[in-house]
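Engineer: So the chains spell out like this:
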Amino acid sequence: MDIADQFTHVIKEHKGLIFKVAALYTNNLEDRNDLYQEIVYQLWKSFGSFYGQSKVSTWMYRVALNTAIYHLKQTKRRVDTIPLEVGADRFADEMDRLEEERIQQLYAHIQLLNLLERGIILLYLEGKSYDEIAAIVGITVSNVGTRISRIREKLRTQITKKQAIWN
Amino acid sequence: MELEEMQNAWNSLSHRVERQDALSNKLLANVTQQNYQSKFNKVRYSEFAGTMVCYAGAAYLSVHLTQIEDVFAQVLAALAIGLLLLLPVISLASVRALKSVNISSASYLETIHTFGRQKIRFQKLQKINVCLGLLLMLLTLPVLAAIQGKDLSQVPYFWILIFPLFGLVMTAFAYWVLKSYNKTLHDMENQLTDING
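These protein sequences, in sequence, are chains W and F.
Note that UniProt numbering has the first sequence beginning at 1, numbered continuously upward.
Note that UniProt numbering has the second sequence beginning at 1, numbered continuously upward.
FYI, nobody ran anything at the bench for these hints, they're computed from the structure.
Think of the CB as a built atom: it goes at the ideal place given N, C-alpha and C, for glycine as much as any other residue.
Some hints here could point you the wrong way.
To be verified - Quick partial rundown of chain F residues pointing at chain W, CB under 7 Å, derived from the structure: (1) Q7; (2) A9; (3) S12; (4) T32; (5) W176; (6) V177; (7) Y181; (8) L185; (9) Q191.
Claimed, not checked - Pulled from the structure, derived: some chain F residues nowhere near chain W, Cβ distances all over 12 Å: (10) V53; (11) A58; (12) L83.
Said to hold, decoys possible - Which residues of chain W face chain F? A partial, calculated answer using Cβ under 7 Å: (13) M1; (14) F19; (15) Q42.
My request is simple: use the sequences and hints to build the entire structure.
Structural biologist: Next up, the structure:
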């Protein structure tokens, strides 16, 4: 198997990861596709030098998240934007309304987090261990715990604020 | 929505994502066969066009410099040529700085910091560019008149009304543009402070 075949195999196995990162950092289909392609390209560029130095997913998340940050600059978008209609365009036909609403809510909440928290929450929701989150993000394991607690608190505050507005 | 609820919603999304096929074989083939043009390294047409306009302007003024008889207008022309050569350099340097990043080796936090610092530097350079650009517009007015052999002092109210008014409009425009740059700078600085907190 040559290097292009190996790369194709790895990418196909982790295509969901790329899609989810692209969806988190864009707010329309065109940008999302652009970012998706750019991530694949950046992964290919560094694939030769990666060669199993860390877990494949660690390397992929790192490249994907870093590419996403620079994509914000490329599109001259505000740094705090986030997709609100993610999934709707591709899955609307098959998703039931309730599920879609939950995903909309999920993205609406993530929108209020800063860039670092957004990366951490993505990895947390992906079920990554604190060790792996620390390795990808570049903070200590204990700091991961602290940050997640802070995010939890932030989310609670958001809910309280919303309830206060409705009441 | 609590983290646990978010986790459930995320899992639903993950299941859906795995079933869709956003990754085409064509994209993979393009990427691995070097047919893909990364947007990261692409100099935008506007940047290229801007550079060409500036250099064409500098060339025009240089060619016609000998036609200018008035010493004051000659000094203004020399300044304008200098600015026309300098503006694209500042602009392209600031854009290039934003593109010099190692995506694969830096951690996410390092990338956020690098991006933030570069963005702040970019905004500051753009602010300088806006000010210099407006200064250039003021300078070229008497210079172009001198090249065409027109005496601006013969134009009624030129120096006492038209030129100051033009300067005033330019200053107001600069204020408006810089205000927008300052807001972006402020947002970015806040983001970095928030992240470090």
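Engineer: Hint by hint, say whether it matches the structure.
Structural biologist: Going down the list of hints, with the structure as the test:
{"no.": "1", "hint": "Q7", "result": "6 Å, holds"}
{"no.": "2", "hint": "A9", "result": "4 Å, holds"}
{"no.": "3", "hint": "S12", "result": "5 Å, holds"}
{"no.": "4", "hint": "T32", "result": "4 Å, holds"}
{"no.": "5", "hint": "W176", "result": "18 Å, violated"}
{"no.": "6", "hint": "V177", "result": "15 Å, violated"}
{"no.": "7", "hint": "Y181", "result": "12 Å, violated"}
{"no.": "8", "hint": "L185", "result": "12 Å, violated"}
{"no.": "9", "hint": "Q191", "result": "6 Å, holds"}
{"no.": "10", "hint": "V53", "result": "21 Å, holds"}
{"no.": "11", "hint": "A58", "result": "28 Å, holds"}
{"no.": "12", "hint": "L83", "result": "25 Å, holds"}
{"no.": "13", "hint": "M1", "result": "13 Å, violated"}
{"no.": "14", "hint": "F19", "result": "5 Å, holds"}
{"no.": "15", "hint": "Q42", "result": "5 Å, holds"}
Hints 5, 6, 7, 8 and 13 from the list above are not met by this structure, while the remaining hints are.
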